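Trainee: Chains G and E, in that order, are what the protein sequence lines are. Quick note on numbering: the first sequence equals residues 1 to 278 in this note's numbering. Quick note on numbering: the second sequence equals residues 279 to 375 in this note's numbering.
Keep in mind that the hints were calculated from the coordinates and are not lab data. Any given hint could be a false lead.
Claimed, not checked - To be clear about the criterion: a stretch of chain E counts as covered by chain G if any three or more of its residues have a C-beta under 8 Å from a C-beta of chain G, and this derived list gives those stretches:
hint, region
1, 290 to 296
2, 299 to 308
Unchecked claim - Taking lysine-lysine and the DSBU-like style, the derived pairs with C-alpha atoms no more than 35 Å apart in a straight line are:
hint, chain 1, residue 1, chain 2, residue 2
3, G, Lys67, G, Lys24
4, E, Lys280, G, Lys67
5, G, Lys24, E, Lys280
What the hints assert, rightly or not - A few chain G positions that, by computed beta-carbon distances, are all more than 10 Å from chain E:
hint, residue
6, Leu17
7, Ser25
8, Thr27
9, Ser129
10, Leu157
11, Asn191
12, Gly206
13, Ile277
Treat the numbers as computed from the prediction; the structure is a model and nothing was measured. Quick reminder that beta carbons are idealized off the backbone N, C-alpha and C, glycines included.
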Amino acid sequence: MSNFTDFISSGGGGGTLYTIPITKSATWTPPYNGTAVIHCIGAGGGGASDGGGGYCSAGAAGGYSRKSVTLSTGTNWTMVVGAGGAGGNNSGNGVSGGNTTATDSSSSLTANGGAAGLTNSVGAPIGGSASGGDINNTGGAGGSNGNMCTGGAVGVLGTGMAGTGAMSVDAAAYGYGGHSDVQSPQFENTNGELRGGGRGGKTQYGNSIPSIVNSDGGFLAGGGAAWGVSDTRPAFAGDGGIGGGGGTSNGAQFSAIQIQNAGSGGNGLIIVMYTAIG
Amino acid sequence: MKYNILDAADGNVINTILADAEFVEANFEHYEEWVAPTPVKPTAEETAQQWRDSELSATDYIVPLSDHPQRDDYILYRESLRQWPSTDSFPATRPEL
Chain G
1 MSNFTDFISS GGGGGTLYTI PITKSATWTP PYNGTAVIHC IGAGGGGASD GGGGYCSAGA
61 AGGYSRKSVT LSTGTNWTMV VGAGGAGGNN SGNGVSGGNT TATDSSSSLT ANGGAAGLTN
121 SVGAPIGGSA SGGDINNTGG AGGSNGNMCT GGAVGVLGTG MAGTGAMSVD AAAYGYGGHS
181 DVQSPQFENT NGELRGGGRG GKTQYGNSIP SIVNSDGGFL AGGGAAWGVS DTRPAFAGDG
241 GIGGGGGTSN GAQFSAIQIQ NAGSGGNGLI IVMYTAIG
Chain E
279 MKYNILDAAD GNVINTILAD AEFVEANFEH YEEWVAPTPV KPTAEETAQQ WRDSELSATD
339 YIVPLSDHPQ RDDYILYRES LRQWPSTDSF PATRPEL
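Same shape as in the complex, but just chain E (with noise of 0.2 Å):
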């Protein structure tokens, strides 16, 4: 296990060691167990879930331009991202325009 040993005055960590408990309560007064960062690793599905909707959201304003010289391909590409998590290429291969 680890203890952050704490500082009486201010309780600011002065200390992280390993040990049991027992010893902890037996020669700190102060002390808390050390709880682990919480962990950011994402999956490779919520990375690729998280790419799809930005690409989602940055080709919004393409839809209601009728004229816009790539709209076709926009409103296809929009179309694979909206299908992608559903096909066996998700998440490893990502839908191109």
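For reference, chain G alone in the conformation it holds in the complex (with noise of 0.2 Å):
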């Protein structure tokens, strides 16, 4: 589940005061004076594959910057919101998630986008900081120093948590993609607070099938890793939620067009949570 219509069809969307996804740049005038809570998620990075087993990490996620405002329907808000990275395909590196900003005359958050796994590497991809606003928190770390890693998830509560780094060889360690801090099976504006995130997609060994496993990260999480195991087994890594980083994708080398995968990083998003109309 990549997109936030995705999660609001899967059974989230709840509430009980006015809240308004913003899922793409805009500008934008609320729609009732009040007082509200913007979100800002920036979006994730994309994992890294390598196909003949060797390091790679995962993408970050976006950072989180939350700010409390008054909204009047005479203003007007420039809403950017960053594209998912891309994953990288084939011993490719992924790409940097974007940026997601918020602004008006007297505010401006930003949400910048996660960095995004590398080939050859065992450094951890860094997640996005955060800025102007009542709190912001950098997203979590790719995971690294392994060839099968999983993307970070956004941090709401505090720093997001860092996907995690495994070698093919040692199943035990497989990981998940870095969980949502503010996990719960339904999204909801609770004075403000963003709520609803989901887990991290699940590590998968050589049966990562679309049509049979789905490693995508939950709403604000990170995706899982993939290791494909033949030609007809390729490895196709889980994508970020919402603002979390792509898991990568490896194999053995079984051949030298084995397909690899790595997932892409989620989209960022703004949310606008009324807190009191009129």
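Please dock the two separately framed chains into a single complex, following the hints provided.
Mentor: This is the structure we're talking about:
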């Protein structure tokens, strides 16, 4: 689940106060006067792939910034939503996530995108930073120091949970993408607090064909890694949920063109949660 | 749509965003439409064909070696490789030596 529409249709979207998700950049005018909390989520970075079992790292999560504001129907906000970074294919690096910003004449929130995963690298891609809010959290780092690494998660309560790193020979160490720190089954607006995060995607070995296994991260969570064991068992890693980093893809070098598709980072998002209207 | 926002000075990508064309035109001076990397997803047939070609190339040297101890086996193997694409076992089951 890598976009907010999927999340809403999967059972989220409840709540007691007016909530506006902004999934695409726009000049936005508040529909009501009132107070609200604006949540900005940077986009996740894409994971890297390596076709020969070498080290590669997963994408980091985007940053998170939130601020309590007073909204007026006579004002305009410039909302810029970062795009999730593409995952690397066949020994390629991922792409960094885009930055998400919400700006009016008196506020400027920024949630930067997470760094991309890199092939032939043991270093951890860093999570996106954040600024301009009452609360500004750095995204979870991408998993590293292994050849099966998972994406980082967005941090709402603090720095996001980092992804894991494991070697393919160590099955016991296979991990999940970073989990959201605000997990709950329902997305809802409870006095402006963001809840409804999901769990990170599960790492898959050998059977990571999308129709069989879904290793995508939940809302705000990182994607799982994938390891392919043959040309007919390609490695399709999990995408990050909103703001989450993508997992790595890797495998034994069965042939020169064995398919390795790392997970993409989740797109950014802005959520306006009214806390009072009028 | 996805757009790359470019640095005015050097043209490097400084952000990639989700937006309509109208928003990008109104808010940014330097931008380009994001283009997805060319997907590299060979089909099973393409993968099999490449493997077959590599096997034929790797065994070429044996053909003129009349005293090679496994020459007859390799000749049969190479014939199987050539016929493989036109058989029902292609691309799932690879010929074996």
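Trainee: Would the non-interface assignment of G/Ile277 survive a Cβ cutoff of 10 Å against chain E?
Mentor: About 27 Å separates G/Ile277 from the closest Cβ of chain E, which puts it past 10 Å; holds.
Trainee: Holds or violated: are the alpha carbons of G/Lys24 and E/Lys280 at most 35 Å from each other?
Mentor: 9 Å, holds
Trainee: State whether the coverage of the region 299 to 308 of chain E by chain G holds or is violated, taking the criterion as 3 or more residues with Cβ-Cβ distances under 8 Å.
Mentor: As far as the region 299 to 308 of chain E goes, the hint holds, because 4 residues have Cβ atoms under 8 Å from chain G.
Trainee: Say whether it holds or is violated: G/Thr27 keeps its Cβ farther than 10 Å from all Cβ of chain E.
Mentor: Per Cβ check, G/Thr27 is inside 10 Å of chain E; nearest 7 Å; violated.
Trainee: Looking at G/Asn191 again, its CB stays over 10 Å from all of chain E?
Mentor: Correct as stated: the minimum Cβ-Cβ distance to chain E is 28 Å, above 10 Å.
Trainee: Grab the minimum beta-carbon distance between G/Ser25 and chain E and tell me whether it stays above 10 Å.
Mentor: 4 Å, violated
Trainee: Run the C-beta distances from G/Leu17 to all of chain E and say if the shortest one exceeds 10 Å.
Mentor: 25 Å, holds
Trainee: Would you say G/Leu157 is clear of chain E, with no C-beta pair closer than or equal to 10 Å?
Mentor: 26 Å, holds
Trainee: How about the region 290 to 296 of chain E: do at least three of its residues have a C-beta closer than 8 Å to a C-beta of chain G?
Mentor: Per the Cβ count (4), the hint holds.
Trainee: Is the claim that G/Gly206 lies outside the interface with chain E correct, judged by CB distances over 10 Å?
Mentor: At roughly 17 Å from the nearest Cβ of chain E, G/Gly206 sits farther out than 10 Å, so the non-interface label holds.
Trainee: Would the hint linking E/Lys280 and G/Lys67 be met if the CA-CA limit is 35 Å?
Mentor: Given pair E/Lys280, G/Lys67 holds - Cα atoms ~26 Å apart, limit 35 Å.
Trainee: Check the non-interface label on G/Ser129: least C-beta distance to chain E beyond 10 Å or not.
Mentor: Nearest chain E Cβ is 14 Å from G/Ser129, so the label holds.
Violated hints for the displayed structure, listed by number in ascending order: 7 and 8.
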